[in-house]
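S.K.: Listed here are the chains, written in short residue letters.
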Amino acid sequence: MTQSLKLYVRTADQTRRAELDLDGSSTGADIIQAAVDNWALPADTDYTLVNTTTGRALAPGEDLARSVRPGDVLEVQPVLVAG
Amino acid sequence: MQDPRRTQRYRRHDLIDWFSQEQVSAARVAVIGAGAVGNEVVKNLALLGCGTIDVFDFDVVELHNLTRSVLLRESDAGRNKAEAVAERARDLDPHVTTRAVAGDFWDTLSLARLRDYDCAIAAVDNFEARLRLNQLCLIARVNLVNAGLDSRWASVESFPFAASGEAACYECTLPESAYARVAERYSCGGLRRRAGLERRIPTTVITASVAGALAASMALRLGGEAPRHAQRRLLDTIGGAGTSVGIERREGCPGCGAFARPPRIVRTRNRWSPRRDDQSIAGPDIVEQPVRLSDPLITGYECAACGPLEEAARYVNRRAAEFDDGIATCPQCAAPAVRIEIRDAFTVGELTARFPGGPVPAKFALAEINGDAICIDLEETPAP
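Protein chains in written order, with our numbering: chain A, 4 to 86; chain B, 30 to 413.
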């Protein structure tokens, strides 16, 4: 049986925030794609995910069930490329 | 004897208990990119009295750069950015050794030269340059600071490769979409696209100054011990909010996955003759030893309709990145039918046959020999 995990996701500017039940097999890339789609974030920007509760950046393919805990706050941050 | 003007210049710094002018004045920093962030970084390093600053950039100054570039003037339009920035930095503090290197850092910054720096700062404007600098710093074990920005956010990451062989690298959290953007610039597995559209990301000097300040501070390790783990700071320059997170090494990372242990660098002085230089990579099996070159090479050029082409001599055994996809059009029948073979994987025997005693047109070759990671440095070391 797949376990679900309740946590929070927000954008870096904190104007978008959602509570979600995480599927046991979800990765950071899945969360980012859902955020881009549901919140209509700019599609020409690249994003990364950080766990603000633990102060740790998450790898794109990381299995979230192993790296987050209930109630953790994940933040979708832009990958900045201009210099 | 110490120049009294120099002593007076840094007197206020000496009053700061966590600031070591001695450490800052001994620091040697390479700044890759003299755009908006590069200007701010060089300005900060010069005013702090950093020992040596080398500025690398191939680009020339355009008028639209002036709104974000504190060291540039209208009269600099058309000049190489690195040269203009280095000249102004010398005006800020003549005690700081500031040098310009005009050209693409991939062509001008050898591994041997990179190892002379305490830190390299990526102040570039694209993923590809960051990936390349990350790889160079990983191999050379030189600290990397990466700065990026847009119109609102400033991000600075620190990768302490010199302090720890286990530090995460730039690619450990890089999303797949970034690689897709790099791939958009190439076709046929390595030729540059002629009709590629570059993304233009608007920025202001506000975000550039925040990123430049943090980057200079992290490069000089101001106010603390040298970190042993990678970290990222993201700051909102409008609201002031920010986050600071640690970056952990990713298993199977395309950047650092191959470097669980620091690769040993073997110098060949631009000649493909490893036996003369290092006995550890000699032996009867060396001919079959696989190596991966830093730069994909064109190894075949033939039209599907016309067959072998005499123009092949212009392209074969040269870096694919030197050419765009226009060469896929046959010079004889004008059809886009040229089959171009591009490879970065060879054996030592193949390279010896292709480049007998001559230079291999690549920065380095990576190999795993007897369980050791080896980086064969193929470049001459240019004078600083």
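Check before you lean on any hint, since a few could be wrong.
Not everything, but these chain A residues come out facing chain B in the computed CB check (under 10 Å) [to be verified]:
no. : residue
1   : Asp16
2   : Ser29
3   : Ala32
Restraint ranges, calculated between C-beta atoms of paired labels, are given here [as the list claims (entries may be wrong)]:
no. : chain 1 : residue 1 : chain 2 : residue 2 : range
4   : B       : Gly271    : A       : Asp40     : 23 to 29 Å
5   : A       : Glu22     : B       : Pro390    : 21 to 27 Å
6   : A       : Asp16     : B       : Ala212    : 27 to 33 Å
7   : A       : Gln36     : B       : Glu340    : 24 to 30 Å
8   : B       : Asp32     : A       : Leu44     : 50 to 56 Å
9   : A       : Asp66     : B       : Ala363    : 49 to 55 Å
10  : A       : Glu22     : B       : Gly355    : 40 to 46 Å
11  : A       : Asp66     : B       : Glu213    : 45 to 51 Å
12  : A       : Glu22     : B       : Ala255    : 38 to 44 Å
13  : A       : Asp16     : B       : Glu227    : 25 to 31 Å
14  : B       : Glu213    : A       : Arg20     : 29 to 35 Å
15  : A       : Ala37     : B       : Arg35     : 54 to 60 Å
16  : A       : Arg69     : B       : Arg321    : 27 to 33 Å
17  : A       : Asp66     : B       : Pro390    : 26 to 32 Å
Which chain B residues stay away from chain A? Per the calculated CB distances, all over 10 Å, these [as the list claims (entries may be wrong)]:
no. : residue
18  : Trp135
19  : Arg228
20  : Arg347
If you're looking for bench data, these hints aren't it; they were derived computationally from the structure. Backbone N, C-alpha and C fix where the C-beta goes; we use that ideal spot for every residue, glycine too.
S.K.: Take the C-beta atom of alanine 37 of chain A and the C-beta atom of arginine 35 of chain B, compute their distance, and say whether it sits inside 54 to 60 Å.
M.R.: holds, 57 Å
S.K.: Verify the CB-CB distance for glutamine 36 of chain A and glutamate 340 of chain B against the hinted window 24 to 30 Å.
M.R.: Violated - the Cβ-Cβ distance for glutamine 36 of chain A and glutamate 340 of chain B, about 45 Å, lies outside 24 to 30 Å.
S.K.: Does alanine 32 of chain A pass the interface check with chain B, least Cβ-Cβ distance below 10 Å?
M.R.: Holds, about 7 Å.
S.K.: Does aspartate 16 of chain A pass the interface hint, meaning its C-beta sits closer than 10 Å to a C-beta of chain B?
M.R.: holds, 6 Å
S.K.: Holds or violated: the 27 to 33 Å window for the beta-carbon distance between arginine 69 of chain A and arginine 321 of chain B?
M.R.: Between arginine 69 of chain A and arginine 321 of chain B, where Cβ atoms are some 32 Å apart, the hint holds.
S.K.: Honestly, do aspartate 66 of chain A and glutamate 213 of chain B meet the 45 to 51 Å range at C-beta?
M.R.: Violated - the Cβ-Cβ distance for aspartate 66 of chain A and glutamate 213 of chain B, about 29 Å, lies outside 45 to 51 Å.
S.K.: Would you check whether the claim that arginine 228 of chain B is not at the interface survives, using Cβ distances to chain A and the 10 Å cut-off?
M.R.: Label violated. Min Cβ-Cβ 7 Å, cutoff 10 Å.
S.K.: Evaluate the given range 40 to 46 Å for the C-beta pair formed by glutamate 22 of chain A and glycine 355 of chain B.
M.R.: violated, 53 Å
S.K.: Holds or violated: the 25 to 31 Å window for the beta-carbon distance between aspartate 16 of chain A and glutamate 227 of chain B?
M.R.: holds, 26 Å
S.K.: Given the range 21 to 27 Å, decide if the beta-carbon distance of glutamate 22 of chain A to proline 390 of chain B lies inside it.
M.R.: Given a distance of about 55 Å, which is not inside 21 to 27 Å, the answer is violated.
S.K.: Take a look at whether the Cβ-Cβ distance between glycine 271 of chain B and aspartate 40 of chain A falls inside 23 to 29 Å.
M.R.: holds, 27 Å
S.K.: Take the C-beta atom of glutamate 22 of chain A and the C-beta atom of alanine 255 of chain B, compute their distance, and say whether it sits inside 38 to 44 Å.
M.R.: Since the Cβ atoms of glutamate 22 of chain A and alanine 255 of chain B sit about 40 Å apart, the hinted range of 38 to 44 Å holds.
When held up to the earlier numbered hints, the structure conflicts with 2, 5, 7, 10, 11, 17, 19 and fits the remainder.
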